[in-house]
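A.B. asks: Given the coordinates of chain L, work out where chain D should sit on it, guided by the hints.
There are 2 protein chains.
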Amino acid sequence: MFAEKELLLVPGPTPIPPQVQRAMMRPVINHRCPAYEELFAGLQEKLKRLFAVNGEVFVFPAAGTGMLEAIVVNFLSPNDPVLMVSIGWFGDRFGEIAERFGVNVTWLKLEWGTAATPEIVAKAMDETKKPFKAVLITHNETSTAVVNPVKDIAKVVKERGALLLVDAVSGLAAMPLPMDEWQIDAVAAASQKALMTPPGIGLVAVREEAWEAVEMAQMPRFYWDFRLARKFQSHNQNPYTPPVTLLYGLDAALDLIFDEGMDAFFERHKRVRDLLRNGIREMGLELFVPDDKIASCSLTAVKVPEGIHGGDLIRQLRNKYRIEVAGGQEHLRGKIIRISHMGYIHESDMLLALGALKSALKDLGWSRNCP
Amino acid sequence: MFAEKELLLVPGPTPIPPQVQRAMMRPVINHRCPAYEELFAGLQEKLKRLFAVNGEVFVFPAAGTGMLEAIVVNFLSPNDPVLMVSIGWFGDRFGEIAERFGVNVTWLKLEWGTAATPEIVAKAMDETKKPFKAVLITHNETSTAVVNPVKDIAKVVKERGALLLVDAVSGLAAMPLPMDEWQIDAVAAASQKALMTPPGIGLVAVREEAWEAVEMAQMPRFYWDFRLARKFQSHNQNPYTPPVTLLYGLDAALDLIFDEGMDAFFERHKRVRDLLRNGIREMGLELFVPDDKIASCSLTAVKVPEGIHGGDLIRQLRNKYRIEVAGGQEHLRGKIIRISHMGYIHESDMLLALGALKSALKDLGWSRNCP
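As given, the protein sequences belong to chains L and D, one line each in that order. Counting in numbering that gives the first Met the number 0, the first sequence runs from 0 upward without gaps. Counting in numbering that gives the first Met the number 0, the second sequence runs from 0 upward without gaps.
Next up, chain L with everything else stripped away, as it sits in the complex:
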């Protein structure tokens, strides 16, 4: 009976609001007709507001990983020197994609669980003396639940004349990232994170000032070609069939975000995060990222107490309490669990998560050691 009752707390896909679910039930329409053009025109306006950008927001049938590739092939040429600031698994993937396409990647790999700082980035750019075409960085690193101070990093990058290309797949809408104000040249995002829509839509926003770089880039491209997409988008069209039902959902989700208010949306994410973090501390568990200043508002990583394996904890939460959380990646496998609070997440969901976590740990024989 409870097969479809589940609290989905993995960092994407995230829970779908009923308003979004209902919007997606509308019948599929022809993507070459006035009704679609009206939908897509409205969507483009809303997306520009979401990214706080005056340039273009491109909409692809794709996963977030595709958007990282789209940024690489639209902004860079083979052998371009770039600085890859990686603080975890997704930073590594972004850089790996760039290397795969022949980009000359200088790695600034920081310890998992820490954030980059403007000082570290400035030093890395200055020391190597390479004429970096771009700095690639993750906004919110999903593998460690850390958010990078993109605003301050943007300043040192722009002072040095490089492009700033940001993976915000799991950060956008959960935390502020006003593109024009911060001078971010490109931002990648995806539907299934804080945007509360099922997976299948990838987004890249491009700042108007960065458009010339797209025109100059020499990487071969067709599917991801922003030049082609831009030509079609100016007529509220796409170069190929868009994921219509998912776009209905995204459109409804954006309405929900603007109805709540973007600032209120950010504030709620912070509030929900704090409720969870306080509860974790009170329970006597350890946060993987103790420093609130770099702790993500998208998700929280919790250390699994010694003597318990993360996999067992995840299965117990799933099977007994119908709560789905994520484990750790790479060397953190079994050692942390990651609880998402992106998008359609309410304080009450966190209360339930805390209660279930406590119960599941007890089931597995854990007893609180500290006072």
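Possibly wrong hints are sitting among the right ones.
To be verified - The list that follows gives simulated cross-link-like pairs (lysine-lysine, BS3-like), each with its CA atoms no further than 27 Å apart: (1) K292/L with K154/L; (2) K230/L with K334/D; (3) K45/D with K230/D; (4) K357/L with K4/L; (5) K4/D with K357/D; (6) K230/D with K334/L.
Source of the hints: derived by calculation from the structure; they are not laboratory data.
C.D. replies: The following block gives chain D in isolation, referenced to the frame of chain L:
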């Protein structure tokens, strides 16, 4: 009141059966959990049956165009000589993608409205004396409503030792294309055509014997990398977040196809096509492709009578009769309309289409000239 009442007869997206619609209402789940792995394992089995292939079927969050790019970057290397057999707009696109990636394309462009033949392809391969790595061809050309005789063309291509890479985006499931039996090395498809699922899923099937070519190809790739996808698929997983809700739909749609029976599914497409073509002829209208032997079972192109513009006819069908059909592309704009009968299309839909077409033409002042 009738805003959402529409008979969708464009060649993709196509109507969604209620069974598929309901399946997509299931809640989104974590793509890294046993329930997803079960879904994806079943889906892979069904897809192999659909493509009639023993190799792999890759599932991407993408449009059909992405699948053409995926074939190019996974099978070819820069400067590889290939023969592009194009009989229309989508053949041209396939070849354009290959050229964009530095492939050495020899074009065999045939007149729009005609099909390729094994003789023409053999002659083109023999005359140029190029060591063609591959022949690229469209199964069903959506712009002209023509189907190529892929079975016979495959024979001459295999005799000459080249790979056969097929765009079957609008043909798969509407007409037979058994990959292993016909020795087709790769086939591209998409969800929103005869597969009766909303747009957003791209598919490429690869014959086991063709796998070595994928390993040897030198084109840079990450998102489309079949090697990466294969590694994950062997554990019923994907390299990045799959479009879960659309996969629910595809799974349900495949069940509908197998419940009807694949042969019966093909037969119905032919029957529905014949009903439409006979009706068009009886009405005194001209078919763009008079020859039944090369006429597509996916869609039918009808010449717009002289004195009437195709755009007006499309708008009349849309606004007065709530039927959505497609126009012509390139030099056929305004001169033909294209009526899809892919997927969830019943004889009764064609009766309605015929009735509406007759009425719309009358509204526009057409009177039948011939007896």
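A.B. asks: For each hint, tell me whether it holds in the structure or not.
C.D. replies: Cross-check of the supplied hints:
1. K292/L with K154/L: Judged against 27 Å, a Cα distance of about 19 Å means the pair holds.
2. K230/L with K334/D: Since the Cα atoms of K230/L and K334/D sit roughly 25 Å apart, the hinted pair holds (cutoff 27 Å).
3. K45/D with K230/D: With Cα atoms ~19 Å apart, K45/D and K230/D stay inside 27 Å; holds.
4. K357/L with K4/L: Roughly 20 Å between the alpha carbons, so the hint for K357/L and K4/L holds.
5. K4/D with K357/D: Roughly 20 Å between the alpha carbons, so the hint for K4/D and K357/D holds.
6. K230/D with K334/L: holds (25 Å)
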